[in-house]
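Colleague: From first to last, the protein sequence lines are chains V and G. If you use our numbering, the first sequence corresponds to residues 1 to 521, in order. If you use our numbering, the second sequence corresponds to residues 1001 to 1486, in order.
Don't take every hint at face value.
Unchecked claim - Chain V side only, calculated, beta carbon under 8 Å to chain G, not exhaustive:
# : residue
1 : V86
2 : Q222
3 : D324
4 : E328
5 : S329
6 : A332
7 : G407
8 : E410
What the hints assert, rightly or not - Straight-line alpha carbon distances no greater than 35 Å define the calculated DSBU-like cross-link-like pairs of lysine-lysine that follow:
#  : chain 1 : residue 1 : chain 2 : residue 2
9  : V       : K327      : G       : K1483
10 : G       : K1250     : G       : K1278
11 : G       : K1287     : V       : K456
12 : G       : K1287     : V       : K145
13 : V       : K473      : G       : K1250
14 : G       : K1459     : V       : K456
15 : V       : K172      : G       : K1469
16 : V       : K135      : G       : K1255
17 : G       : K1410     : V       : K456
It should be emphasised that the hints constitute simulated quantities derived from the structure, not laboratory data. Just so you know, these numbers come straight off a predicted model, no measurement behind them. From the three backbone atoms N, C-alpha and C, an ideal C-beta is built for every residue, glycine too.
Residues per chain are reported as follows:
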Amino acid sequence: MSDPETDAKNNPAPEPTGLSHPEARFALLQAQTRRHFLRSFTAGVGSMFLGTLGSPFAPPVKAAERNVDGSLRLDFTRDPSRPLSVLPPEFAPRAKRIIYLHMAGAPSQLELFDYKPDLNKLNGQECPASFLVGKRFAFISGVPKLLGAQYPFHQAGKSGQWMSDRLPHLEKHIDDLCLIKSMRTDQFNHAPAQLLVQTGNARLGYASMGSWVIYGLGTENQNLPGFIVLVSGGNQPDGGKQLWGSGFLPSVYQGVQCRSHGEPVLYLENPPDVSRPLRRRMLDAVDEINQQTYAEFGNPETVTRIAQYEMAFRMQMDATDAMDIHKESPAALAAYGANPADSSFANNCLVARRLAERGVRFIQLYHWGWDDHGTSAKDSLNIGFADRCRETDQPIAALLTDLKQRGMLEDTLVVWGGEFGRTSMRENRNGQVMQFIGRDHNPGAFTIWMAGGGIKPGMSHGETDAMGYEIVKDPVEIRDLHATILYAMGFDHHKLNYSFQGLEQKLTSVKPARVVAEVLA
Amino acid sequence: MTLPVRRAPLRLRLGLLALALILLLSALFAFLPPDGLERVTWAQFIGRFHLLTVHFPIALILIAPVLEWAGRKPRFPHLRSSVDFLLALAMLSSLVAASLGWCLARSGGYSGRLVTQHMWGGISVAAACWLCWMLREYFRGPRFDLIYTLALLATVGIVSWTGYRGGQLSQGENHLTEHMPGVLRKLIRLSPGPTVLPRSNPAFFYGAHVEPIFVGHCYSCHGPDKQKGRLRLDSYDSLMRGGKDGVVVKAGNVKGSELFHRVTLSPSDDDAMPPNGKRPLAANEIKLLELWIAAGASSTLAANAIKDAPTNDVPVVAEVTFPEIDPAAVTQLRAPLAPQVAHLKQRYPDLLDYESRGSADLVIDASALGAKFGDDDLAAIKPLSEQIVTADLSGAAITDRSAPLLAAMKHARVLRLTNTRITDTTVLALGGLDRLESLDLYGTEVTPACLKVVESLPKLRHLYAGATKIPADVPVSEEMRGKLLF
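Next comes chain G alone, as it looks inside the complex:
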């Protein structure tokens, strides 16, 4: 079979040019692969446009078989005539996208399995388009029709696989399955949670103490997905291999180990690791690295081989979170007593309020009213007694007449009766306050006789008994002694 050069010289020239470009790009991929180094150059700038251009050839390749199929129907024969043009455009645009992709990968600090596969996938797409385009024009006949169909389907397959790899690069390895419902997960036999990297044996010092430090601090830049400075810390072998500037751990030589040097630099130093803004290693983590390197940096050193090694189970303090309040739920929670609360707030401004914006519990504070607040005023609050969690009646003009009202505050956690005229009678009535944590009797006339009831309060942590008739050396149980404050 001779190539019909005379019939379409332009087409053939374009085909040869595209082939040459594919080969040139493959050579670039093979000899100048992405090496994890970041280069701020024109290449990085234009490389960023990879993400913009890459979706165009994908759409073209996916539409080509649709047109071929629909064009077989007698109604749309004209559709098939566009396919040739589409394939040429897909071939050229995928070449452009692959070139930009190489620029990005080469200069943007990428290296690793994912980027390599994505890169070769990209050039394969261009090559597959070229093949389809050639087959369609020059190799006609029933036998070749089947080959062409298969080639076209293979192109669709390659482009899908390459696109998925690209998605993994930018969105994370499990970007498609991350939020998959449990039923589907079971159906395709996917592990139920996020995938976990294999860990070294925790019986050895490396697996127990050293690797966890790298997991927490280093993997995001020196792990399976990204290898800044060509350094990988996600296995013992890659750690000992080092990065672009050579080995980073010299067994037995702490001072000469670049890795140790970097993590001990002042955080403001340009070379410090983890770099600016990231959480530095804790003192015990640095100590563990130092001991391990000094002991020979072996992967098989027993976990308990070094005496006096600090542990790296730093007590983890949970970060404070701020849950959002649901106003509708709060309104519903408060609804039963809201009219009474509003009424009392009107009558006694600044005396009574909800404990917080998300709660229906109440707090009363009569300390500012002092002597202006008496037994009768407290009686007015009676309907709300069970909602009260904190009652500060310091200096109020209340007497033992209020004992039943105080006893009715079943949910009270803090009860402050300093400098009031209450006596033992009131305290003896408080036996049912099984949520009370703090009882403040400072400056009242109470005597040791009331301690009997106080001792029975299950949640009590503090009893303030200064300036009362209870002497500081009152005989009480050891447990009570720890709660008494004078």
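In isolation and in its complexed conformation, chain V is listed as follows:
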């Protein structure tokens, strides 16, 4: 429960402090690193002796009340049997849930939102040497040629923002969007770049954005996971399941991958000849054994396991209902272009709306297939890219329409984006002119958009140079985006932290991050 002070007053449960409590002991052991051990080794021998005397010198085990910067630490402790219960944010939030649309493979900003007339004029000319000095590319070699936008641009909406003709449905919502054209990353391969976007770190083992959010806020609906992931486009994103992993956070906070077609989660339904009461009895028995294990070792992961079993049992009813788009009207299916007999990004968008209505905190959609190097028809700007736009344009627009109509865009933050941008030059793999048109990876500049939940609508932030290659105004690092998203959810990114391996781990990691105040409503 969320308010320890009042709870303690009304419900004086035994405080879980002191070495006798198994969870406290476990936490203490977890907090020990090799360095702690070596540092306190000699003193430790002495305190072992003092300990045997029942001495008052033994230090009390208590979570630190302050962060290393001296600010008050936020308390995220919960009843171990209800690890996803709701906790209030640090300050009044602007959004209470997030729908993150990750376009895996990195869509070209130069074919969608970043209008560069000068680049069009220089189409086909050799790339100036200044672009290439000190740069590393995934595939470009030698001197590539500049490549103008492959699709015509026009100004859209009352805000008059430039966009290409590939997103006719989204265009109706252009005045609801806040484009950030000056995103920057330091990773130029898909998997680490996706990990950086989703976990704040390019390496494995860090907690994803969704995990941080439900760790901080919990979720209202205990019959569904608080963090649900839906994947479309025929492939898993390159970063793999780590993209929704909980890293060092307790694993109950990891994302649950669901399916919009067939069983929402594989093996969720009872096998033939197992009735629901029988399943209940089986779970009761398993829970009892797990309780004994927890009493003995105090590992919170055991509680997580019990909670997950129980949630799966409840999900048998609720998840099936939430994911079942058969229940939507034909008009709704048509608006999204969804087909219940199939699995698609459109279906996932419709499911995202149903999940948002049911109180799911963080809904993450991945759509694979934007890596348009020009190596084949489906990976080219002239063919595959147009298909991806078609697959995603109408469902995203329909999702925004639905959220807006239901009043949910007020407190839902929708984020769209890839993991990096694409070069202003045409890719020339092995120095050859390729059959299809494509662009290589460009970590130096890309465009994302945000909508709803406390974000200023109908604006764009940041600028790239005349070639759309580097940022010249208001660069936004991935960690700045994270800080901004957490701010919209009601958190100071410094305070949403978790001590692990001697460091206060944060989504924004160790470099200073800035909340992009310019995009806040």
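Given the coordinates of chain V, work out where chain G should sit on it, guided by the hints.
Modeller: Chain G only, in chain V's frame:
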């Protein structure tokens, strides 16, 4: 008077050596002054020890007059005998400190008024010590006693002044008065705020548009206190004089102006200004510089002389700050209703909570409970109605029976009743919710009849009326039209 060479040859030799050192150091100060260039050499390394050594002679000089004074009392005559040794030590250690100080100033990128004064102050201290030491030993007698006393007091004065200048160098010009209480400020007639540098006339283009750019971006390294590359940008004259590599602004020649070239380099370039990590100039600021240089870089060009010049009043967006929550104040704020809140949280887990950790306002969200949450459940929350700022009852089994309960949520900003069984009766009861900003009636049976009350809500920004009996072309006032969403 002849110098008693035979009596103390060692002392005299030391005195002459110290004098020679003082003169040598003065020559160094005069001919190789700190020039604002940074040199990473041994000199810079040992120069850093200036700050460690400099306090030793200060203490010695301050204690010398104390000993002289106390030694006059019959109880402590022995104290005076230490003064001679103290003065010699102070003289030598101040020479060491001054030498290290010169190393630091010469190689650490310093130049300007403060460092020059501090430097000459330092060598004066050494010279004053030498003088006191000599006077005390060789010039005795009532007449000389007075001179000696005055010299000693002057030494104390010089060392204090020099130390203050040093403090200004490292801590900032107003380091002593910065936090002075207002009463004292008035007493010594100090200006009430931090001192402001004189600004050029804003009627001219330079003062109105160009100087503010330098103030915001350049002064910390090219200002009155520090002049990297011997370049000062804090006045028109110093700007046009340029730095160690010559002029930086060539009137009428934008391309040939080093200053313009530097600020337009890519931020990753080694020569880019402001250097790595500092905020680059905004596009309109660069444009202003370009226009001004192209127009002749005059100090007296009228502020509005260039047509289509961008303004440099960039709308300043306040940085987000995170105020610290005071847990005691929050507890106090919540105290009146805390028992009831705790009780209801027990009864309806995850339904109700404080809006934030620093607030006593409540948020209820029954959307996850849906049909399991009815009028009777809402009635149970009645004692807390006035604390509720956001109520999401989407899909709950509530009816018009809840109208009085909803009307009692006087502080509600957001009320969400989508897909509930409420009708116009409920909406008509909400006229008193004068803080309501968002009312969500999507998927209910409400009709245009309820709009009358909705229009009277003073703070309302959005009314969601999709999937209701209100048609999208319902006749409403222009103002209401902007709030209606279908």
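Colleague: Would the pair K135(V) and K1255(G) pass a check requiring their Cα atoms to be no farther apart than 35 Å?
Modeller: holds (27 Å)
Colleague: Taking the closest Cβ pair, is Q222(V) under 8 Å from chain G?
Modeller: holds (7 Å)
Colleague: Closer than 8 Å between Cβ atoms is the bar; does E410(V) clear it against chain G? Give me holds or violated.
Modeller: Constraint on E410(V) satisfied, holds at 6 Å.
Colleague: Closer than 8 Å between Cβ atoms is the bar; does V86(V) clear it against chain G? Give me holds or violated.
Modeller: Holds, about 5 Å.
Colleague: K1287(G) and K456(V) were given as a pair; does the straight-line alpha-carbon distance stay at or below 35 Å?
Modeller: Holds, at roughly 27 Å.
Colleague: Quick one, is the E328(V) hint okay against chain G at 8 Å, beta carbons?
Modeller: violated (14 Å)
Colleague: K1459(G) and K456(V): Cα distance at most 35 Å?
Modeller: Holds, at about 19 Å.
Colleague: When the nearest CB of chain G is found for D324(V), is that gap smaller than 8 Å?
Modeller: At 16 Å from the nearest chain G Cβ, D324(V) fails the 8 Å test, so the hint is violated.
Colleague: For the hint on S329(V), does the least C-beta distance to chain G fall short of 8 Å?
Modeller: Hint on S329(V): violated, closest Cβ of chain G at ~11 Å, above 8 Å.
Colleague: Check the hint pairing K1410(G) with K456(V) against an upper bound of 35 Å on the C-alpha distance.
Modeller: holds (28 Å)
Colleague: Between the alpha carbons of K1287(G) and K145(V), is the straight-line distance 35 Å or under?
Modeller: holds (30 Å)
Colleague: Measure nothing beyond the straight line between the CA atoms of K1250(G) and K1278(G); if it is 35 Å or shorter, mark the hint as holding.
Modeller: Holds, at about 25 Å.
Comparing the model with each numbered hint stated earlier shows that hints 3, 4, 5 and 6 do not hold.
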